[in-house]
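**Student:** Now for the letters of each chain:
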Amino acid sequence: MERTSIETIWSKRSSAFWKSSMPYIIDMARSGVPFVTAMVLLTALASYTSLLRAMPPDFPFTLVGMAALTPVIAYSPLRTWLREADIVFLLPREGEMHRYIRRSFRYNGMPSLLAAFIVSLIYLPIYSRGPGETATLLLLTAVLAMKSLSIAAAWQERRLVWRNGRRWMRIARWLVTAVCTAAFVQTNPLVAIAIAAAGILLLALLYRSLPKYRIPWQTLIAEEKRTQRRYAVFFSAFADVPAETAQVARRGYLSWLGRRIRYSSENAFTYLYAHTLIRTELGGIAIRLTLLGMLSGWLAADAGLWNGWGAAGVYVLFIWLVGLQLSALTQSHRHSVWRHVYPLPESQRVSAVVRVDRFAFMIAAALLFVPHAIGLPAQGQTAQALVALAVGLAFILLVRPARIKRKMKTDWEEEDE
Amino acid sequence: MNPVLEVRQLTGGYSPRKPVLHDLSFQVNPGEMIGLIGLNGAGKSTAIKHILGLMHPHKGDVRIQGQTLADNPEQYRSALAYVPETPLLFDELTVEEHLRLTGMAYDVEERDYEALSASLLGEFHMKPKTKAFAAHLSKGMRQKVMIMNALLARPPLYIIDEPFLGLDPLGIRSLLDKLVEVKQGGAAIFMSSHILSTVESYCDRFIVLHHGRMIAYGTLSDVCEAAGMRSGERSLEEAFYRLTMAPGGPDGTNLD
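Chains as they are written, first to last, in the numbering used here: chain A, 120 to 536; chain B, 1077 to 1332.
These aren't lab readings, by the way, just hints derived from the structure by calculation.
There could be a bad hint or two in this list.
Examples of chain B residues lying across from chain A (beta carbon under 8 Å, computed) [stated by the list, open to error]:
no. : residue
1   : L1128
2   : G1129
3   : D1147
4   : E1150
5   : S1154
6   : P1160
7   : L1164
8   : F1166
9   : E1168
10  : E1173
11  : L1177
12  : M1180
13  : E1186
14  : R1187
15  : A1191
16  : A1211
Keep in mind that this is a model prediction, so the values were computed, not measured.
Don't be surprised by glycine CBs; every beta carbon is placed ideally from N, CA and C.
Chain A with its partners taken away, still in its complex shape (with noise of 0.2 Å):
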């Protein structure tokens, strides 16, 4: 029998994907979400052409640009499709992993040199009125180039046999790919390609002095494993995505929240949601939210956007994606055996939902609102403040809860039939 070339097994297993992963779009493009994203850029547009106009003098340029260009540059993911299977079936053909990996590379590589691009073009407005001395094309140049080593670097960390040196590794990267970013849009371009040619050298001498894995089998596993249950918790807040293992961080400065909920029975369910929600990823892209929407609500604020009805909005719209994104909750430990088998009646698991989401979503509420809170009231936009405040905290209190129990409800019912 004619064994399957190396290239068909990476092409059926990114159709695949897609495949699976398509009712899931489907779902979320029927939840507003396209509608929501149009009104994000256009607010962001608005903005951001106000910006223009009346620029400040002292506005940070070289500061923005690096914060814009470095994360586009240095973050390079690489979708391989690898499973713990692999280490079984695909092990044996290493030497033609190559020909597996570059299919990844080009997956990748595009649509990250692509981004680069188009965040460099959003940038040049504001890079063309400071003091940078980069000729326009010679920027773009830099940046594409920065990018593609960028991602051969990233390739480089993930062959590094200790964790340690992939972490302090990665740190380095994108620490050159800051000060690079910085030099080139503050500085005289020959300067700036001097300390880039010292930070590539560096990378490069280091890269060579550290142990490495041919293919770092374990490690691209991982990263496969992460990426794919970061899609499953995205799905879930719009549809009900088959259970995957939760990907864990501790996040220490919030599990003491878990650890005051008093010990009793009728606080079990609690207990467990609590900590659902705070060390899965469906917490950290709740916090995420939270702190774009805490920038956004800042920068529309402190423009006074269309009288300080726009920041209203924006609030509102935060308001609306946190509690999209906590309503994933609904759907963890749906189809966890110790649901049954708990001597506890399921009215308390969904009261414990209930109750998780109304405090992180307060939480989450309070945070977004600061910037308004400071913002607004300065420019005399106090009523405006406070309407956005008042539908946020009805949504929360008035809406919210009903909203969940009737979701659980509906779920449950689904599955007794």
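Chain A is already provided as a structure; the job is to place chain B on it using the hints.
**Tutor:** Relative to chain A, chain B alone:
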């Protein structure tokens, strides 16, 4: 003496047209350990799922302390603790937090919980792993967490599915010692395992399941007799072999 677990004429499975279990009837009394043995696919795990209430019987019923799951779900469930064949842990909880969750779920007094969890962690040599997540535990350690959780709940009935898989020799010894202890304390234990020598040494009675039917049930002598062994021949392994392999071959077609 009222049985802790009573299974009466249980027929069940995943599809009503194709039952996996056929007319099972047995009981487990307080202070008794029953071993459930059978080949792969004999229906052991399905039987356990019916006892746990995860599957509805097609016919017959399962009673724990005289009540079915439908009569009083909370009481039924609080009367049993379960150790699954594959450790089922919450990824986001540490070992210590699993114990706390079980203590809360089974309404164990907080003071008792503190003392019991500390002693179980010591007995199963898991103190250094108290703050570890499931992903950072070996398979045997995950199994120990499951066992510690069941023992912490201190129910009248333990349902234990293949408990020795992945356990190190010290872990097996600790588990067996604890099972003897809880049995002497009056608890009933229903345990499925392929380690026949251990089952023979520790269990009081046995159920031999084959193709979803009970082909032998009772003490070691009863099982040996069912296997057609001469009086004086007492070996669970030999009886099991004879019952499941001969005559008629390993598919056991003669028994259906």
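**Student:** Take the hints in turn and mark each one as holding or not.
**Tutor:** Here is what the structure says about each hint:
1. L1128: Nearest chain A Cβ about 6 Å off; hint holds.
2. G1129: It holds, given that the least Cβ distance between G1129/B and chain A is near 7 Å, below 8 Å.
3. D1147: violated (14 Å)
4. E1150: holds (5 Å)
5. S1154: holds (3 Å)
6. P1160: Since chain A brings a Cβ to about 7 Å from P1160/B, closer than 8 Å, the hint holds.
7. L1164: holds (6 Å)
8. F1166: holds (7 Å)
9. E1168: It holds, given that the least Cβ distance between E1168/B and chain A is near 4 Å, below 8 Å.
10. E1173: holds (6 Å)
11. L1177: holds (6 Å)
12. M1180: holds (4 Å)
13. E1186: At about 5 Å, which falls below the 8 Å cut-off, the nearest Cβ of chain A leaves the hint on E1186/B intact, so it holds.
14. R1187: violated (10 Å)
15. A1191: violated (14 Å)
16. A1211: holds (7 Å)
The structure fails hints 3, 14, 15 (numbered hints given earlier, in ascending order).
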